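Engineer: In case you want the letters, here they are:
6 protein chains.
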Amino acid sequence: MRILVVNPNTTASMTQTIAHAALQVAGRDTEISALTSPMGPVSIEGYYDEAFAVPGLLMEIAKGQKAGADAVVIACFDDTGLDAARAFADIPVVGICESAVKMASFIARRFTIVTTMERSRIPIEELVKRYGVADSARVRAADISVLSLEDPQSNARDRLRSEIDAATREDRAEAIILGCAGMADLAHDLTREFGLPVIDGVSAAVKQAEALVGLGLSTAKRGPYATPVAKKYTGQLEAFAPQTLNSEVSTR
Amino acid sequence: MRILVVNPNTTASMTQTIAHAALQVAGRDTEISALTSPMGPVSIEGYYDEAFAVPGLLMEIAKGQKAGADAVVIACFDDTGLDAARAFADIPVVGICESAVKMASFIARRFTIVTTMERSRIPIEELVKRYGVADSARVRAADISVLSLEDPQSNARDRLRSEIDAATREDRAEAIILGCAGMADLAHDLTREFGLPVIDGVSAAVKQAEALVGLGLSTAKRGPYATPVAKKYTGQLEAFAPQTLNSEVSTR
Amino acid sequence: MRILVVNPNTTASMTQTIAHAALQVAGRDTEISALTSPMGPVSIEGYYDEAFAVPGLLMEIAKGQKAGADAVVIACFDDTGLDAARAFADIPVVGICESAVKMASFIARRFTIVTTMERSRIPIEELVKRYGVADSARVRAADISVLSLEDPQSNARDRLRSEIDAATREDRAEAIILGCAGMADLAHDLTREFGLPVIDGVSAAVKQAEALVGLGLSTAKRGPYATPVAKKYTGQLEAFAPQTLNSEVSTR
Amino acid sequence: MRILVVNPNTTASMTQTIAHAALQVAGRDTEISALTSPMGPVSIEGYYDEAFAVPGLLMEIAKGQKAGADAVVIACFDDTGLDAARAFADIPVVGICESAVKMASFIARRFTIVTTMERSRIPIEELVKRYGVADSARVRAADISVLSLEDPQSNARDRLRSEIDAATREDRAEAIILGCAGMADLAHDLTREFGLPVIDGVSAAVKQAEALVGLGLSTAKRGPYATPVAKKYTGQLEAFAPQTLNSEVSTR
Amino acid sequence: MRILVVNPNTTASMTQTIAHAALQVAGRDTEISALTSPMGPVSIEGYYDEAFAVPGLLMEIAKGQKAGADAVVIACFDDTGLDAARAFADIPVVGICESAVKMASFIARRFTIVTTMERSRIPIEELVKRYGVADSARVRAADISVLSLEDPQSNARDRLRSEIDAATREDRAEAIILGCAGMADLAHDLTREFGLPVIDGVSAAVKQAEALVGLGLSTAKRGPYATPVAKKYTGQLEAFAPQTLNSEVSTR
Amino acid sequence: MRILVVNPNTTASMTQTIAHAALQVAGRDTEISALTSPMGPVSIEGYYDEAFAVPGLLMEIAKGQKAGADAVVIACFDDTGLDAARAFADIPVVGICESAVKMASFIARRFTIVTTMERSRIPIEELVKRYGVADSARVRAADISVLSLEDPQSNARDRLRSEIDAATREDRAEAIILGCAGMADLAHDLTREFGLPVIDGVSAAVKQAEALVGLGLSTAKRGPYATPVAKKYTGQLEAFAPQTLNSEVSTR
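Protein chains in written order, with the working numbering: chain A, 14 to 265; chain B, 14 to 265; chain C, 14 to 265; chain D, 14 to 265; chain E, 14 to 265; chain F, 14 to 265.
With the rest of the complex left out, here is chain A:
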């Protein structure tokens, strides 16, 4: 089984963190391909960056699918481009936010997501509503930038710890979800430190993808995820017409 894990930002070092987390949990028969988006923002912080992360993400999915991937993980906690990817791909696509919150809902009744920037709090609250866990999940922001997580000099991890601590006391959180792919390597230590389940979305998504493939399930192609209509795309985005993206990739 081959699972394509796409980091939709263009920071390769973060892809390494993501790949590491994915490999830790992948099944014996699962091969992980972790890829970095070839174009767009170096980090995804809010709605604007999110919009420009989609083309690179879809290009990688087109390539991965061509190369025989069995499922796709979108490794950004905003679940960037999830709907477009599901319509485009013939294989199952999972987001790390949706995987994390649904996985958490099997083991806890109240849990808290701790994300990076305040500007991402409302977008994640919207996802939480869409995924049906609004009564269970609270969202907190540690007020740190995404890339500061990679900087050993920054106080990012301390701020994260301090929000987790507040979540256990004020929200009576029974479990914690790490609300950024760049935190994927911290789940293990934080679980031990706080004595309650700390869930990383990348890991959750890999197991979710394995489960879907194992069940032989892929995106239903009726309704909103029907295959995009072949049509002309113009200008700088010409190559992204759905039929073109598929065939371009196949001829490379």
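These aren't lab readings, by the way, just hints derived from the structure by calculation. Just so you know, these numbers come straight off a predicted model, no measurement behind them. Any given hint might turn out to be false.
You can't tell identical chains apart in this list, so a pair holds if it fits in one copy or across any two.
To be verified - Here are the simulated DSSO-like cross-link-like pairs (lysine-lysine), alpha carbons at most 30 Å apart as the crow flies:
#, residue 1, residue 2
1, K142, K79
2, K234, K142
3, K76, K234
4, K234, K245
5, K244, K76
6, K234, K244
7, K79, K234
8, K76, K245
Fit chains B, C, D, E and F to the known structure of chain A by using the hints.
Structural biologist: Chains B, C, D, E and F only, in chain A's frame:
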């Protein structure tokens, strides 16, 4: 990895159907133990049967946990006894309704559950609300008894087919969920017949359990799922006091 | 009119508190039978105890119905076994949580339930959602055990008072609901002490039951509360098959 | 115990129907005073009539309270003026819609309200949402005028029957609520005819009022139902200033 | 275009504040008629006052419509009488609460309404739910009387400021809505003082009314807003029968 | 006042339809600039097209803002790129779906949106939920392609009519919303034909934009719509880094 699949009714032939479905999807490293409840109703049709299926279920979970199980699947679509089991067990416990609907939510936006008896429709609608998919899921009853599914002379399967057909037309269902553990063997054929994903809860739950174990996640023991308080149980149920059930089982 | 009030735990002294509260409000023509469950946990603290309180409860309901009861009150704030009881009984069945919150909704727009243990908070929040008062009701736990309410040496009542006080200030509660049958004797004094309506669920349920009987209303026997299907129950629970429970009781 | 039942329209013959229904269910110790509003519309059909039924209603409540009433029933299914009445009165006030739907929720999980005119359907749906039963209750209009219910020549009762019939088939209603005070006399016959509980709001409200009085509960006077601030009212409505209405009535 | 702005309380000085705010934002081609209700309470503080503000309001609407108004603004933040007015009038009618919250929803995802008295908090929360912004809007009360806003000696404005300050910190409000027509003149200064959008409902409603008129849209006359049925009104309210109110006004 | 109306697909003839509708309702002092996206899909039919319409849309917004626009209308019923545009722009941005449904909510309690393709139905239902009108709005698809609306030979308009007809009968719609910018020219005739308000989103959005500008309101820059963080964008999308897009445009 050992997954305990408990059929909370006492009909052993249904346990075979369930075991078969579980084995079809279990990973290479997963061992499935499918057990039949030692006491209670021969089939679970509505709230009353459900209540009396819980003691036998918990007894099997106590035994299974003692014997080294890594996770439990409760193989009845009412998710009978799920909360009590989660509080009691130290290993993750998943229901087949919750597994099926959450799995479906990764591949479809609108889906329909087809269950057996009309009296189970509202209980399943309540689960659907609890699991956060009320906007996505419709519930239909085929008006058949649970055990008629095992009777080749009955028209149970035809009625089931006819409700699936109605779901695709009237509900615009993008996927179907089979709303009874006794239907576990039908998913494959119905998927082909109707040309859209047909999901069986037992299979979904096995993969869900594997995913949780693979992530090292178990039920959070803060709040509603904290370990039951040791206390005296009296009368016919004396042996079910939480501390007693655990130790009784261990000395057998 | 005869109202059967069943204490689904096995602590007879708590049944006395309950009976006392019931008698205080019962109408001139109402006869109260307060019974203690013959089997199961000595107190109901969370999901596990709840599951094992159901068989004893249903046995008492079967007996009470045989003996001519006109309605049943389930005197545990988790509304333990309410759905099974409604399906089984031919007479109306009311829970004390549902009675209390619906009664409160006629006199206040925002109210707070104060229960005993933290582990019961989420189960009661789920009931609150089911009963349609999620926008009106908050739930607080005083962090006391159920039986400590009977112990004059414990600080249980002080903790309860302290949560009521917090509810009036922080939740702007207009009324208070006592979230445990064991608190039934405190409503009167707390009403005076805090100067706002303090509602006890046992009393509320007795008046609710009288109202239903007075209206000639009983559980609708279509859909989820249809009479349980007669079927074989096995093992230790054989006697609880619906048809058996009814006839066994009748021949005693 | 004295319960004041106010018909907020000015049609005395409808008050008789209401009084009759109230007396049928009133307890042995309950005295019913059924009064007709002294001013306003002859029937309440939609939002406009509703607004002008409030002054007469409040005048009767002021008088009734002065005369020693223990509780008030507002006998119009729109629950006309309920909030204003609760703020004004020192005794409990119940609406017939809220009483009926909450009473129904103790005996059925899905029920249908059948009202008179299409223009009342949405207002009742709003009440249904407010009372927390939106998932349980459907609303249908029989497309008849309120006063036609009193006309033996009209086909009003046939249309009502036909909607009840549709509700049992299409909505799978387990119980029916009659959505107009003018239908109060029909509940008994329709219950027999359709073989399922048919609930009249006037009767339900009388028992609800008895229950509240029996519990010693009255409207909480914190927050939205705090006693109205004494202030000047001008023009034609001068006499309705809260302090004036109270004292005027008392000097009569 | 002529927009009728009705102050449904009888305090003329408040009408001046309202008129001033309306004129500030009215388009070049818009004529504003600001009128004071001829009867009822001097200020609207809670449900009781609200009920008695409706007759005067509808009388002014009848007159204004006769005189050729193109739209109506109801200038009280409780949206007093909105439904009755919509059914009665042939021209569009907008409330200031609904206009403010919907306008705010175009520029912010989380905003806070600051109103006057605590007793108005729950009524406004109900409006917020009805208008579909319950997830976006919080409501706070500054604990001041409506008319104190007009008193330069009172500390009303300081209390208002203090709640706005709390909203920006505790609710993370991105914008503020002033929850009383009597605050209409403060929006400009508070916007500058707090550095975030502060929205006045009167201004919002005037622009909303202009938009509806500009689109040629008026209240749909099917369903709940169908023209009231002509019928007899009796007693002191005789002149308010819908057909009478229309013709009386026209003959003046 | 200058309002920029961006057609986010690349079909210039549709921009003309849109411009025409905008001009019909624009105020005397409003200047309309209707622009066609310079890159991306020729029509937006589902999630995939939507994602690729965003870059061209944002480029036009950057240019328009530079050129002095006061507000932006995004003229696609999926409200494509709305959140990214709000974060990016310093001027108010409105979508045509959100404008239409909020405008409709001032004149009707139940309304139906008729869109083009079935695959757009669920995305619009999600918007409807987000905009708080899920209880009021139904969504129907006429099963026509977007560009067929421009083809006089197609039966697109007949199908649209037939869905409107069904909406008035089956949904009891009080008003209709046209769910595609390409239908903007049909509102006037359909209003006359069906005798109920038929609302076009482009017109609604123009008036909404005028209202916001008239009130001096723009997007709150706290929280999710804070100005995007300046950062490196790579590859083909380099020019879209927020700081670059702003300055590039300004130097042209």
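Engineer: Next, verify each hint and record whether it holds.
Structural biologist: Evaluation of the provided hints:
1. K142 <-> K79: neither (34 Å within a copy, 36 Å between copies)
2. K234 <-> K142: Both ways: K234 and K142 sit 24 Å apart in one copy and 23 Å across, limit 30 Å.
3. K76 <-> K234: Only inside one copy: K76 and K234 sit 20 Å apart there, 38 Å across copies, limit 30 Å.
4. K234 <-> K245: Classified as within: same-chain Cα gap 22 Å, cross-chain 36 Å, threshold 30 Å.
5. K244 <-> K76: Intra 20 Å, inter 27 Å, cutoff 30 Å: intra and inter.
6. K234 <-> K244: within (18 Å within a copy, 37 Å between copies)
7. K79 <-> K234: within (19 Å within a copy, 42 Å between copies)
8. K76 <-> K245: Result: close both inside a copy and across copies, 20 Å intra and 24 Å inter.
In summary, the structure is inconsistent with hint 1 from the numbered list given earlier, while agreeing with all the others.
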